[in-house]
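*Asks:* For reference, the chains in residue letters:
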Amino acid sequence: MSQEIAVIGSPDFTTGFRLAGVRRFANVPDADKAEELDDAVEQMLADEEVGIVVMHDEDLDHLSRNVRRSVETSVEPVLVTLGGSGSSSGLREQIKRAIGIDLMDEDQQ
Amino acid sequence: MAKDVKPTRKNLMAIEDRIDLSTRGHSTLEKKRDGLIMEFMDILDQAQDVRSDLDDAYTDAQRNINMARAMDGDVAVRGAAAALKEHPEITTRSKNIMGVVVPEIESSKVKKSLDQRGYGVVGTSARIDEAAEAYEELLEQVILAAEVETAMKKMLEEIETTKRRVNALEFKLLPELHDAQEFIEQKLEEQEREEIFRMKKIKAKKEAEEAEEALVEDDEEVKYETVTADD
Numbered sequence: 001m002s003q004e005i006a007v008i009g010s011p012d013f014t015t016g017f018r019l020a021g022v023r024r025f026a027n028v029p030d031a032d033k034a035e036e037l038d039d040a041v042e043q044m045l046a047d048e049e050v051g052i053v054v055m056h057d058e059d060l061d062h063l064s065r066n067v068r069r070s071v072e073t074s075v076e077p078v079l080v081t082l083g084g085s086g087s088s089s090g091l092r093e094q095i096k097r098a099i100g101i102d103l104m105d106e107d108q109q
Numbered sequence: 001m002a003k004d005v006k007p008t009r010k011n012l013m014a015i016e017d018r019i020d021l022s023t024r025g026h027s028t029l030e031k032k033r034d035g036l037i038m039e040f041m042d043i044l045d046q047a048q049d050v051r052s053d054l055d056d057a058y059t060d061a062q063r064n065i066n067m068a069r070a071m072d073g074d075v076a077v078r079g080a081a082a083a084l085k086e087h088p089e090i091t092t093r094s095k096n097i098m099g100v101v102v103p104e105i106e107s108s109k110v111k112k113s114l115d116q117r118g119y120g121v122v123g124t125s126a127r128i129d130e131a132a133e134a135y136e137e138l139l140e141q142v143i144l145a146a147e148v149e150t151a152m153k154k155m156l157e158e159i160e161t162t163k164r165r166v167n168a169l170e171f172k173l174l175p176e177l178h179d180a181q182e183f184i185e186q187k188l189e190e191q192e193r194e195e196i197f198r199m200k201k202i203k204a205k206k207e208a209e210e211a212e213e214a215l216v217e218d219d220e221e222v223k224y225e226t227v228t229a230d231d
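Protein sequences, first through last, are from chains A and B. Following full-length UniProt numbering, the numbering of the first sequence begins with 1 at its first residue and continues without gaps. Following full-length UniProt numbering, the numbering of the second sequence begins with 1 at its first residue and continues without gaps.
Any given hint could be a false lead.
In silico lysine-lysine, DSSO-like type, Cα no more than 27 Å apart, as pairs [stated by the list, open to error]:
no., chain 1, residue 1, chain 2, residue 2
1, A, 96, B, 223
2, B, 112, B, 85
3, B, 95, B, 31
4, B, 172, B, 95
5, B, 32, A, 96
6, B, 111, B, 95
7, B, 223, B, 206
8, A, 96, B, 95
9, B, 172, B, 206
10, B, 32, B, 223
11, A, 96, B, 31
12, B, 154, A, 96
13, B, 31, B, 172
14, B, 85, A, 96
15, B, 32, B, 172
16, B, 31, B, 10
17, B, 31, B, 154
18, B, 10, B, 111
Just the calculated beta-carbon pair ranges, DEER-fashion [to be verified]:
no., chain 1, residue 1, chain 2, residue 2, range
19, A, 48, B, 116, 46 to 54 Å
20, A, 64, B, 60, 28 to 36 Å
21, A, 39, B, 11, 37 to 45 Å
22, A, 36, B, 167, 39 to 47 Å
23, A, 46, B, 49, 30 to 38 Å
24, B, 18, A, 64, 40 to 48 Å
25, A, 96, B, 49, 15 to 23 Å
26, B, 28, A, 31, 50 to 58 Å
27, B, 126, A, 64, 37 to 45 Å
28, A, 73, B, 37, 16 to 24 Å
29, B, 18, A, 57, 48 to 56 Å
30, A, 69, B, 8, 21 to 29 Å
31, A, 70, B, 95, 22 to 30 Å
To spell it out: a stretch of chain B is covered by chain A in this simulated footprint if at least three of its residues, at any positions, have a beta carbon under 8 Å from a beta carbon of chain A; those stretches are [claimed, not checked]:
no., stretch
32, 12-24
33, 58-72
34, 89-97
35, 109-122
36, 159-168
It should be emphasised that the hints constitute simulated quantities derived from the structure, not laboratory data. Glycine is no exception: its CB is placed at the ideal position from the N, C-alpha and C atoms.
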């Protein structure tokens, strides 16, 4: 099954990806992020034709707790965050829980 | 708890069978967990490389698009972005790592040549082309990262469940079974001791009875003898 890549973020963030041909995107202006980002993300997660969701790492802070957790643990589609502090924090938490050691921390030092 | 089981030999045998099975299952699961963690370490190394490449690609792409914006204006960049006709598509196939199904993502139409992009070559500048190219590069890295990170997430889930199973067997099921086994063994031994004691009692009683009977018989004999003596 062929799927597409989706981008969620401020217009500045999405423009570049659209230049590379990404068709599915949700523009959420910085001012409205607190209210509208949750809906945009949920919509993308529910869309079966989306295989990868690209977001800016800082935008994750605007999400409500539940949506953030579901987007971080989602496998289909999978979330890839850009910018910010490297690898997504949800993954890091999961590693800590599953293995018992904060592997990412060790490797970053 | 252990006291719920009936102390019968049949139950003891059943529990011994379960202990056997659980111990075997425990060691197998332990091996699986260790194997998964080893595989995970490999993927983690990969993921970290992919991450740093991704971050580099992102800063590069950002610089390029900012340049394009500064030189050509925001409207021109957005106009070009809206004109794209070819869309990157991804197809996922699955791969199996120690029973964990991880995706292999293949992409098509990410990299495009100038004439495939769809915006007019005349109306746009080389900087927009560069920005588009940088973002195409970034998308490829994103797809790689998505593949590796999905694999990591799935592996982590599997590691967690396996670990939970190992711990449940080791700290809950096996101790309970051992308790039950010990309980039944003790009970059976006690029953056996009771049985022996009972037998001894019965034997003693029987002996006493026999002795009494013998005494009575002796008495009777003596009487009989006296009777005959009287004759």
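*Asks:* All hints are to be evaluated individually against the structure, with a verdict given for each.
*Replies:* Right, here's what the structure says about each hint:
no. : hint                      : result
1   : A/96 to B/223             : violated (99 Å)
2   : B/112 to B/85             : holds (11 Å)
3   : B/95 to B/31              : holds (21 Å)
4   : B/172 to B/95             : violated (34 Å)
5   : B/32 to A/96              : holds (19 Å)
6   : B/111 to B/95             : holds (25 Å)
7   : B/223 to B/206            : holds (25 Å)
8   : A/96 to B/95              : holds (25 Å)
9   : B/172 to B/206            : violated (51 Å)
10  : B/32 to B/223             : violated (89 Å)
11  : A/96 to B/31              : holds (20 Å)
12  : B/154 to A/96             : holds (15 Å)
13  : B/31 to B/172             : holds (19 Å)
14  : B/85 to A/96              : violated (43 Å)
15  : B/32 to B/172             : holds (19 Å)
16  : B/31 to B/10              : violated (32 Å)
17  : B/31 to B/154             : holds (18 Å)
18  : B/10 to B/111             : violated (70 Å)
19  : A/48 to B/116: 46 to 54 Å : violated (27 Å)
20  : A/64 to B/60: 28 to 36 Å  : holds (33 Å)
21  : A/39 to B/11: 37 to 45 Å  : violated (58 Å)
22  : A/36 to B/167: 39 to 47 Å : holds (43 Å)
23  : A/46 to B/49: 30 to 38 Å  : holds (32 Å)
24  : B/18 to A/64: 40 to 48 Å  : holds (46 Å)
25  : A/96 to B/49: 15 to 23 Å  : holds (21 Å)
26  : B/28 to A/31: 50 to 58 Å  : holds (56 Å)
27  : B/126 to A/64: 37 to 45 Å : holds (43 Å)
28  : A/73 to B/37: 16 to 24 Å  : holds (20 Å)
29  : B/18 to A/57: 48 to 56 Å  : holds (49 Å)
30  : A/69 to B/8: 21 to 29 Å   : violated (50 Å)
31  : A/70 to B/95: 22 to 30 Å  : holds (25 Å)
32  : 12-24                     : violated (count 0)
33  : 58-72                     : holds (count 4)
34  : 89-97                     : holds (count 4)
35  : 109-122                   : holds (count 4)
36  : 159-168                   : holds (count 3)
Of the numbered hints listed earlier, those contradicted by the structure are 1, 4, 9, 10, 14, 16, 18, 19, 21, 30, 32.
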